[in-house]
Amino acid sequence: MADKLIIAGTIKEALQARCPDAVFLAGGTEINRLNSSVAAGTLISLKKIGKLHGIRKDGDKVWIGACTTFQEAVESPDVPVWFREACRLMASRTKRNMATVGGNTAILRDDSYLVPALLAARAIVVYTEKSGKNEECCVCRYLDMRKAGKLGDALILRIGIDPDRKVLLKRYANTAMSHSVMNLAYGFDPDGKGISIGAALKNTGLFKLRSAEELIAADPEVSEETIMEWARKFEAKIPTDMFGSEEYKRYLLGTTIVKFIADARKEVLA
Amino acid sequence: MINCIINGKKRSIDIGPCARLRELLLKNGNFAVRDSDDAEGFCGSDTVLLDGIPVFSNLVLAGEAEGCEIRTPDSLGNSMNLTVVQQALIDAGVVQSAYNAPAAALLMTWLFETNPDPSREDVKDVLSGIFIRDAGYEQYYLAAELIKEKLKYGEYKTKIAPEFRPHLKSVGKNKPKIDAPQLVSGERAFVEDYVDSDTCYMVVLRSPYAHAYVNKIDTSKAEALPGVIKVITAYNCPDVTYMSAGQGNPEPSPHDRKLLNKKVRHVGDRVAAIVAETLEEAIEARNLIEVEYEPLPAVFTVEEAMAEGAPLVHNGYVQYNAGAPADLDEYNAKLSGDEREGHVLYQFPLHGDILHNVAASNHGGIGDVDKAFAESDAVVEATYQTSQIQHTPLETHICFSKMENGRLIIYASTQVPYHVRRIVSWVTGLSENKIHVIKTRVGGGYGSKQDILVEDLTGYASFVTGRPVLYHNTREEEFIANSTRHPMKVYVKMGGNKDGQITAIYMKVDANTGPYGNHALTVPMNSCSKTLPLFKCDNMKYDLTIYYTNTPPAGAYQGYGTPKGTYGLMMAMRELADKLGVDYKDMVLKNHVEEGYMLEILRGLGEGREGNVVPVGSCGLRDAVLKGCDMIEWGKRVESDDPDWKIGKGFAMIMQGSGLPGLDHANAITKLEMDGSVIVTSGAADIGTGLDTIIAKVTSDILCLPMELITVLSGDTDSGAFDTGSYASSGTFFSGNAAVVAANNLKEKILDEAAYQLGEKVEDMELRWPGEVHSKKTDAVLSYYQIIHTATSGTGRGHLIAPGSFTTGASSVPYGAHFAQVAVNIRTGEIKVQKFYALQDAGTPINPEAALCQMYGASLKSIGHSLYENMILDEKGVCVNATMTDYGVPMITEQPDDFKAVLIDVNDPDGPFGAKSISEIACNGAAPAIGNAIYDACGVWLRSWPMNSEKLLRALGKIN
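If you read the protein sequences in the order shown, they are chains A and B.
Mapped onto the numbering used here, the consecutive letters of the first sequence carry residue numbers 1 to 270.
Mapped onto the numbering used here, the consecutive letters of the second sequence carry residue numbers 1 to 960.
Chain B with its partners taken away, still in its complex shape (with noise of 0.2 Å):
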C-alpha cells in the first residue's frame, strides 16, 4: 500500500513499492498521465509534478512516492471551467491532436505558479521534455505571451493569428476548435480511456527474419498457460488475402497480406497473436510459442530488389479482378507458386511485377524530352536519395474491440473509419452493418493511420474469442511493423536556356515499398503528380518504379511522395540556375505556373487510371515566393563572426493537393434540434486537424447560427454516412464541402418551413443571426425554437433533416514556398537551421490559428526528416534505432530560432468558403530549402537525406 497525496487528496493505493508511478496515477484514476515512450523518459507524455517538480512518472517508482504529494494534469480545470493556461493553449492553437496537451498545459501551470513572468528562455527550458509532432513549438510561445497578458490585464493584447473573410462570423475567425477543451484537460478522448474493465489482452509475435518461411508452430505450450484465451496463427485463421491501405475500393494498392501470413517478409512481421486475460500472461505466452523458420535470401534496397535473380519477395501467383493481361497463366507459371507465398491481387493493372520485385510502375508525359535536352543550354543530372522516416505519433497504434448483441464494436485511431470498416469486414466475414467503428480522438496519424494496421487483427479476436480484447504498439512495433516513409532514389535531369526557362525536365523514381504495396503506387507518384505540375514546361517525363523489398513496411506518410520529388526538382533547379548563371529566384518566378495554365501533364498522373487534365486554379505561389524573399533578404550575404561557421540561404517553390478529385467522397447530415440548436453527423475523421471545428463554422456562417448551437458528430460508421477518409489533404475540401452541402440544404428546409408556418412566399424569407428567419416582405420573425416546434408538433410537417454529399472533378491546389537560412560549420560539419519561413496559400483559412500550427509542425517535422531522422537497418533488417532517442525527433530544443508561418490569401472557387488544404503541403518544403542552403553556405550539394554532418565532411573532403 502506498500513501500519497495525489491532487490535494490523501490517497492509499494498493500497489507494489516496485511498480511505476505511472501505474499507481492510472489505479487512481488519473489516465490522463499517458505513455508515449514505454518508459524511456523521451515524450513527456507521463509528466506530473512530484513534491512540486515535473518528473517522467514512468521514471518514479510508486515506492519512492511514497508520503510524497502528486499534482497531474488533470487537476487543472475541466472541459467546462477552463484555467488560464489551458485556455490560451487553445486559443494559440496548440491543441491538435494532443496527446501531449494535458501535460504540456500542467508544465506552463508550473511554470507560471514558479515564475509570473517567464522569458522566452523560461517557455523553451520548461518544454524541453515535452515532444510535440503535430502543432511544433513556436505557437507555445505565443501562448506564453496570451497567458502573462490574461493574467496582467485580464485579456490578451497580442493577436493571435490574421483573420479572413470579415463578412463571416466563424469562418476564417480565430474561434478554438471545438475538441480542445476536452483534450487539454485529459478527458476521456482516446481509445485506451474507453477500453472495459474485462478487457483481455492481445500481444503479437513478430518475425525475427527478414525472408522465411512459417513451416510450423507449436502454440501448445502457450495455450496450456492459464489465462490464455487464443493463439492466432497462419495455420487457424481466415486465408483472406487484402492490404492495410485505406484507400477507396477499388483500392490503386495490390492486396498482397493477410491477417497472418506463412512466410513473413520482414522483421516484425506478425507470426502469431495472443489473446489472454491480462498483457503479463499474454508475454509469458508469446515466449512459450515455438515457430520452425526457413530463412530465405532478403533485399532491403532497390537496388538490391532490382538485381537479375534478386529473391523474390512475393513468389505465389498474381490474380487481377479487372484488366487481366492475355498471358498471365504464362507468367504466373513462372513464380514458384508455392502455397506459403500466398498471391498477389491487384483489383485493376497497376504495372507491377512480382517476377522482378516490382509492386507497381506508371511512365509518361508530355513533350519531347529528348530533344529538347538536346536543344538547351545547360543540362544537369544527379540523383537524390531519401530515407526511411517513421511517423512517430505520440499516441501509438491502438485498438480495442469488443462483440455485442452479434456486432463486432471497433473503437479505432483512425484517419479512415469506413476502410477499417470494410477491411474488417472482409477478415471476419461479417456483413458492414454488424461492424460498427467508432473512430475516437486521434493522438497522432501523419499518414500512418489512413493504414489499417492493428484493427483488423484486434477485430478478429474479438469476433474469434467473443471477449473484449485491447491491443496497443509498443513504441519499437511502432517503428517496425508500421508503415514508414518510403525510401526513394529520385533521379533528376533537368535543360534550360540562358534566359531562365527550363526547357526540359525528367524524372526516374525508384521508390521502396518494403514488403506490401499498401500505396505502393500513390506514394511515390505524388513524387511527380504534386510536383510537376508546378512547372510551366512543355517537354516533361517520368518513370516510376515501386520494388518490394524485406525492410519494414512503407506506407501513407504526411505529403505521401512530394517531399522526395520537391528535394530532387528544386535542388536541380538551383543546380542548374548556377550553371545558366541566372539567379535562383529570377528562374523560379520565370518557371512557375500561374492561374489558367493548362496541367497537361497529369494525364498520365491519375491513381492507377487517366487523370483530370485541369488547368491551375486559385494560384498563391508568386505572392509566396515574393514576400519570401523580401522576408530572408534573398540575395543579401550573411557573415558570421567565426570563420568555421558559414551561412547560406536556399527556398523551394511546393504544392499539395486538396483531396482526390473524381474518387474522393464526402457526406454530412445536419439536423434541426427541439431548441433550435443543431447537429452535425459528419462522415468526417477529425485526427486533431481540426476538420470538426471547421464543420462546424462553416455551418454555422450558412445557418447564421452561433458555434455553441452547433455540434458536430463524427467518425462513427453507425451514424454517419460514407467519408472516405482523412487523407490526401481531402479533409477539408472534402468533408467541409460535404457539411457546407447539408448546411445549405437544411437552410433551404428551414425557410420553407418558415415560409410555410408564416403563410408567406420562401424568397421573401432570409436566415439571420442569432438562428432565426426573418420575413423581409412582412419582417416577420420566427426562431429556429419555433419553427422546429411547430415542425415537429403532431400537425406539423417533421422534422429538419438534411444530406449533404460531395463529389467533384474540381481541383484546387494550396501553394506555397519554404524558405531556410542555415549555419553550416566546415570545421565540424554541424548544421543549424537558423531561420525557417513557411509562406503558403491555403485559400481561406477556416481555423487560422490551427492552420499555422499545422505549418508549423508540418515544417518543424520535416527539418527533422531532412537533417537526421532516419531508420537504420542493419546487413539482416534489423532496425537498431527503435527507440525515440536513438532515432532523434525534433524537440523545442532544434527549433529555428527565427521561424515564421504566414498565410497567403487567396479565395479557391471551390473549396468550402474558398478554403484548400494545409497541413500536407508544409511537409514539402524543408529538405530543398535546406540543402539549396547548404549548397549556398559552403559549396557542395547534399543529395541524399539524412543532411547530416558526416555527409557534410564527406562532401567538403574533410573525410574520405
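Chain A extracted, bound-state conformation (with noise of 0.2 Å):
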C-alpha cells in the first residue's frame, strides 16, 4: 500500500503533484485490489476532478469522461450500445460503480474490459501532460506509445467514440467474474469497411490486429481457413498456461474472427 494519498481537485493539481514515485488513482479497483500491478508510494486520487467525469455528445462524437464509472456509462442513453456491453463483461455491479473508463484504459491489462474495444472502435483518447496541454491520439497509437515507453506519466482526460461504428465484442473466460483469456473486440463502419480488430490476449498483451485487419481489407470474402491459417501464425508469443494451451488460444483467436467477419456481413446486409 502507498503511504502518501493526495485528494486532486483540478486537473492541474494533479499534474503538480506527479511525481516518480506517484500514479494517479481512479477507481481503486486495479491500484487497491490484492495483487496489484501498480506499487507507488503516493496516490493522487482523481475522484474529486469534475471535470473528468461526465458523458457529452459534441459533433460526431461522444466524449466520456476519465472519471466515468463502468456502471456510469451503462446507464447513459448517450453511449452507444457495444460500448455499455463492453463496460458490462465487467461482471460485477459493485465493481463496476468503482471502475473508470479511464483508469482501465490507462491501466494496459492484457484482459482489459475496454482497450479491445476502443481498438476496434478507433477511439480517441485526451490526455494531458506535466506541461497541461490537451493532447489527442487514437487509442491504438496511445497504446503503441505506451508499449514504447511514452506517455507513462500522462492523465487520460477522456475517451472519445463515434456512436455511428459498429463494434461485435467476444470474451472468453472461466467465469463471468474470472480474468479472460481473450477479450476481442471487431469495429467496422456502417458500411461494412474500416475494419478494426482489437484484441486482449491474457499473458501476451493488448494488441490491434492489423495483420489480420489488411486480410480482410484486401479480401473481403477472405475463407475461413485463410484465417485460421492467419491465427496459427499470429507473430505474437502467446504462451501455454493456467487460461489454456497456445493451440487453444490460436484457435478461438481466429474461430472468433472468422465468426465477427460473418456476423458483420450479415449486420451490414440488415
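It should be emphasised that the hints constitute simulated quantities derived from the structure, not laboratory data.
Please note: incorrect hints may appear among the correct ones.
If you anchor each label on the Cβ, the simulated ranges turn out as follows [unchecked claim]:
1) A:K130 - B:N3: 51 to 57 Å
2) A:E75 - B:P226: 17 to 23 Å
3) B:D898 - A:C19: 52 to 58 Å
4) A:R56 - B:E277: 51 to 57 Å
If we take Cβ atoms under 7 Å as the criterion, some of the chain A residues that face chain B in the derived model are [stated by the list, open to error]:
5) L5
6) S45
7) A91
8) N174
9) A176
10) M177
11) T255
Straight-line distance between alpha carbons at most 30 Å, and here's what the computed DSBU-like set of lysine-lysine pairs gives [claimed, not checked]:
12) B:K646 - B:K169
13) B:K671 - B:K646
14) A:K47 - B:K10
15) B:K216 - A:K47
16) A:K266 - B:K958
17) B:K169 - A:K48
18) B:K9 - A:K47
19) B:K646 - A:K170
20) A:K147 - A:K237
21) B:K169 - B:K157
22) A:K4 - B:K124
23) B:K159 - B:K900
24) A:K266 - A:K61
25) A:K150 - A:K130
26) B:K169 - A:K47
27) B:K958 - A:K237
28) B:K258 - B:K216
29) A:K51 - A:K150
We put the CB at the ideal spot given by N, CA and C, even for glycine.
Join the two chains, each given in its own frame, into one complex according to the hints.
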C-alpha cells in the first residue's frame, strides 16, 4: 500500500502532484486490489476532479470523461450499445460502480475490458502531460506509445467514440468474474468497411490485429481457412498456461474473427 | 483523522488516509463489514454504500471517504427489529452460514430503495458482486418477490416452499432458522467477533518446496524483533504425531503429521509459527527467519506416486495401535528411518503401504464380475479423472484461543468441536476437562472445517505463551495449506444385456490424498460405497488405492468421494445404454435399487472395518427419476436457431447417507426452565445448515411448545455432551434424533411430574399446546410453568432435565436424480448449463425452505466443480491460481437460467420425524448429468474435470 494520498481537486493539482513515486488513482479496483500490478508510494486520487466526470455528445463524437464509472456508462443513453456491453463484461455491479473508463484504459491490462473495444472503435484518447497541454490520439496510437515506454505520466482526460461505428465483442473466460483468456472486438463502419480488430490476450498483451485487418481489407470474402491459418501464425508469442494451450488460444482467436466477419456481413446486410 | 458520516452519524476516525475504508469502519465498530478475499474485490463481504453507491470498502482508501456518507450492513435492523428485506431473506431460506448475509441485505435494501419494482435482471445485477457458496442464488429471487409483496400488500402472496406433515406445527413448516436474525443483521456471530483487545497475532511461515527436509531454522533475528512473543518450530514444539481429520476415535486415517515437521511435504506446509503483539510485527518477524532446506524430488500425481522407485512422501517408519502385521519390523527396515521423517501410525490396519506411497486401500465385491463381463452382450470401459477443488468458504479458517485459570479456551469455526478438543488435548498434553471449545457460527465449512487445520497450532500457541492468540488464514493459505477435494482417477467397466440389465460393474479408484492421510480412506471409499448401492446388480467389484503425493493436502469435502464415483458410473451407464441400443432412462429404471433390496455390496465398504449389510430403506429414487424426466421432457430434442449451438440433456441418479450407523453418536440435554420455556443443550455443530432449528422444531412438536419458547445451545464442549460432529450428512439424523430422544425423555418426566402434582395416573396425562399438561380423566390442566415452579419449590421433586443419546445401526439413505440441459458451442467449445433440476428424497424436510437452498447451493457448487473449478499446480507444486478470480467460482451470473429444486416426499422410519440428510447428496449429480448432456448435444465424452471448452474442442477434433 502507498503511504501518501493526495486528493486532487483539479487537473492542474493532479499534474503538479505527479512525481516518480506517484500514480494516479481512479476507481481503485486495480491499484487497491490484492496483487495489484501497480505499486506506488504516493497515490493521486482523481475522483474529485469534476472535469474528468460526465458523458457528453459533441459533434460526431460521444465524449466519456476519464473518471466516468463503468456503471455510469452502462446507464447512459448517450453511449452506444457496444460500449455499454463492453462495460458490462465486468460482471460485478459493485465493481462497475467503482472502475473507471480512464483507469481501465490507462492500466492496459492484458485482460482489459475496454481496450479491445476502443481499438475496434478507433476511439480517441485525450490526455495531458505535465505541461498541461491537451493532446489527442487514437487509442491505437496511445497503445503503441505506451508500449514504447512513452506517455507513462500522461493523465487521460476523456475518451471519444464515434456512435455510428459498429463494434462486435467476444470475451472468453472461465467464469464471468474470471480474468479473460481472450477479449476480442471487431469494429467496422456502417458500410462494412474500415475494419479494426482489438485483442486482449492474457499473458500475451494488448493488440490491434493489423495483419488480420489487412487480410480482410484485401479480400472481403476471405476464407475461414485463411483466417485460421493467420491465427496459427500470428506473430505474438502466446504461451501455454493456466488459461489454456497456445493451440487452443490461437484456434479461439481465429474462429472468433471468422465469426465476427460473418456477423458483420449479416449486420451490414440487415 | 478522517471525518465522515457513518450510518447517519458524524464521525472522526484516527486513521491514516492510505488505510482501507474497511479498516476505518472496523475501527468504528462496524465489524459486519467483513473480508473474504484479502481485498481482491471478489466476494463482496466488504460491501458498503459510499455516498449511496455500493462499493467494496477494501478497494477504497480511507482518505477518499473524507466528507462522504457511508452506510454499512449493521445500519439495517437488529435481530429484535428486522427490516422487511432482512426478514424476507430469512424467510426465503438464504441466510445459512451467512457470512455475506449482511452485505446481501444491504444490497437488496439499496436495490429496493432505488427501484421499488426490480426485475429478475435487476436482482441478478445487484447481487453480481456477492459470492454465496452455501445457498446459491435462486432463492434470492424469491426473497425479492417476498419483499415486493410485503411492501405492496403488507403480506407475502408467494408460497415460500412446500410444507410437509400437516399434523405437526413446526417440523416440515417454513419457520425461520433460529440463528438467522443474528446472522442477517450482522451481530456478533463468528470467531473474529469474539477476539479480545489484548490479543496477539500468529502467522505461519510456509514451505516454498513441495518436498524437503528442514535441516536448520535460525529464528534469532525474528525473536529479537520488538513485539515478537514466540517463534514455534519443529525444534521447540511437542513431538506428537496425529492427524487433522475430525473423525471418531480410533480414526480410520493414518496419524502422519505433527504441529511442525522437520520435513515439509507440500508447498505451503508449516515450517514455523510466529506469535507477536501485532499482525505487522508477526509478518515482519516471519520475513527474518532463515531456513536451510534440503530439497527432495517430489511426486504430484498418482501415476508418479505409484511409479517404481518414486520418491517416498513418508519414509520414516510405521506403527500400529492394533492389528500390526507380523512382518512390521522387516517392513520398517526397508524405510529410511530418518529422524526428520517422523512416522506413520495406523490406529488399525488401513492396508497402507508407505513404501509405495499408499496411504490406504480397500478391495472387495460381490458375485463374479469376470464371468459376468464375459457373458454380457456389451461392455464399456473408460477412465474418468476429477480435479483438485477448493471449498472456498467465505470465512477462511480462523481460530482464537486464550488461557483462563489454567484452562485453554478455543473459539473455533469448526464442524467437529469435540474432535478439536481431543486433538488439542493430544498436542498440549492438557486433559480434555482443561479445554473448552466454543464453536461459533461457521461462515461456510463444506467439509473443510471437519479437519482440525488451525486449532491445533493456535491452541498450542496460547498454551505455550499464556496469551490470547488469533490466527486467520489468508485466502491464498486457504488454497495451499488447507484441505481440498481429492483428485481421483476412476476406471469403470460396466457390462449389460440387450434388455438393459446391467450384469457387472468394476470400479478401480486411484485417489490422491496429498502429503497427509486425513480422510484418506473414507473420502475415496465413498466413491464406491455411495454409488454401487444404487444398482441392483449381482456382480460388482472395486479396487481402491489412495496415494500420498506432494500436492496441497486433500480431505473431506461435501459429498466426500461420491461425486467422483457417480461421475464415472453414470457416464459409463449412458455409454453402455447407447451401445446396447437402450434408452438411458429405461436402463436407469430397470437397474436402480428399490425398498427392501439387500445391499450385500456394503459388507466390504465400512470405514476401515466390516460394513453393515442392510436392505434399502425408504427410497424416493424412482419418483425422482420419473418426475425429473417429465420436467426436462426427456426424449424430446431441442434445437437452437444458431447452428453453432447444440443442445443436449442428461441426468444421473444419486445417493448419499445420513451419518455413519454404528460409528456416529449424538447427545442432547433438554431442560424445562423456571417459566416453562425450554433450553436444549446439544453437542451438535450447526454449520449454517439449520441444525439448531431442526433441534428446536423436533423439540417443539414433541413438547407441544412454540419454537420461540425453545432455545438451542450447541457446539460448546463445556455445556453439551459428546457429538461426533457435522459431517457425513449426520446432523439431522443423529443430532436431530438425539434431540428427539431427549425431548421424549423430558416429555415423560413432565407427564410423570404432572400426574404426581395432580394426584392422578400418568397414563391419563397428555401434553397440549402451548405447553401444558391435560388430564384426559379429570380435565385438569397444569401449565409447564406451574409444573416446574412446584417441582423446584423447596418441597418439590426437583428440576426436570432429560438427556438423550442416539446411536443406531439403521441406515437412512437419501436418494435423488439431477437433470441438466446444456448448450454446447461446437465452434468455440463454450458450454452453458441452461436448465438444472435437482430432485431429492430427503425424507421429511424439517426446514423445507432451507433444504431447497441447500440443494441449490450444492448443485451450483457442483456445476462449478464440473465445468471450471480446478486448482492448477506448476511443475514445482506451486498452486498458480490461488485467488478467487484466478480460481473461478460460480457467481449469480453462472447460475442456470432455469434452476429448480424439488423435494420428493418420503417418510423415513428411522429419521427424526421421518427426515434424512439433504445437502451433501446435492453435490453428486451435476458432473454426470452435465457430462451426459454434453454427449447428447454433440456426441463426445468429456471424461475429466473440468469439462471445459478446450477439452471439448479437442474431443470435437477442432484442435489436436
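| said: Would the hint linking K169 (chain B) and K47 (chain A) be met if the CA-CA limit is 30 Å? | reply: Violated. K169 (chain B) to K47 (chain A) sits at ~56 Å, over the 30 Å cutoff.
**Prompt:** Do the numbers back the hint for T255 (chain A), that is, is its least Cβ distance to chain B under 7 Å?
**Reply:** Because about 6 Å separates T255 (chain A) from the closest Cβ in chain B, which is inside the 7 Å limit, the hint holds.
Can you confirm whether the C-alpha distance between K671 (chain B) and K646 (chain B) stays at or below 30 Å? With Cα atoms ~61 Å apart, K671 (chain B) and K646 (chain B) exceed 30 Å; violated.
C-beta pair E75 (chain A), P226 (chain B): status relative to the range 17 to 23 Å that was hinted: At 52 Å between Cβs, range violated.
- Item | Holds or violated: K646 (chain B) to K170 (chain A), with C-alpha atoms at most 30 Å apart | holds, 19 Å
Next on the checklist: What's the verdict on K47 (chain A) and K10 (chain B), does the C-alpha distance respect the 30 Å limit or exceed it?
Outcome noted: At roughly 22 Å apart (the allowed maximum being 30 Å), K10 (chain B) and K47 (chain A) satisfy the hint.
Q) If you draw a straight line from the CA of K266 (chain A) to the CA of K958 (chain B), is it 30 Å or shorter? A) holds, 25 Å
- prompt: Holds or violated: A91 (chain A) as interface residue toward chain B, Cβ cutoff 7 Å?
  reply: holds, 5 Å
Review point. Is K150 (chain A) within 30 Å of K130 (chain A), Cα to Cα?
Key: holds, 13 Å
Closer than 7 Å between Cβ atoms is the bar; does N174 (chain A) clear it against chain B? Give me holds or violated. Holds, because the Cβ-Cβ distance from N174 (chain A) to chain B comes to roughly 4 Å (cut-off 7 Å).
- Between K4 (chain A) and K124 (chain B), is the straight-line Cα distance small enough, at 30 Å or below? violated, 38 Å
Requested in this report: Check the following: the C-beta atoms of R56 (chain A) and E277 (chain B) are separated by a distance inside 51 to 57 Å.
Outcome: holds, 54 Å
When the structure is compared with the earlier hints, violations turn up for hints 1, 2, 12, 13, 15, 17, 22, 26 and for no others.
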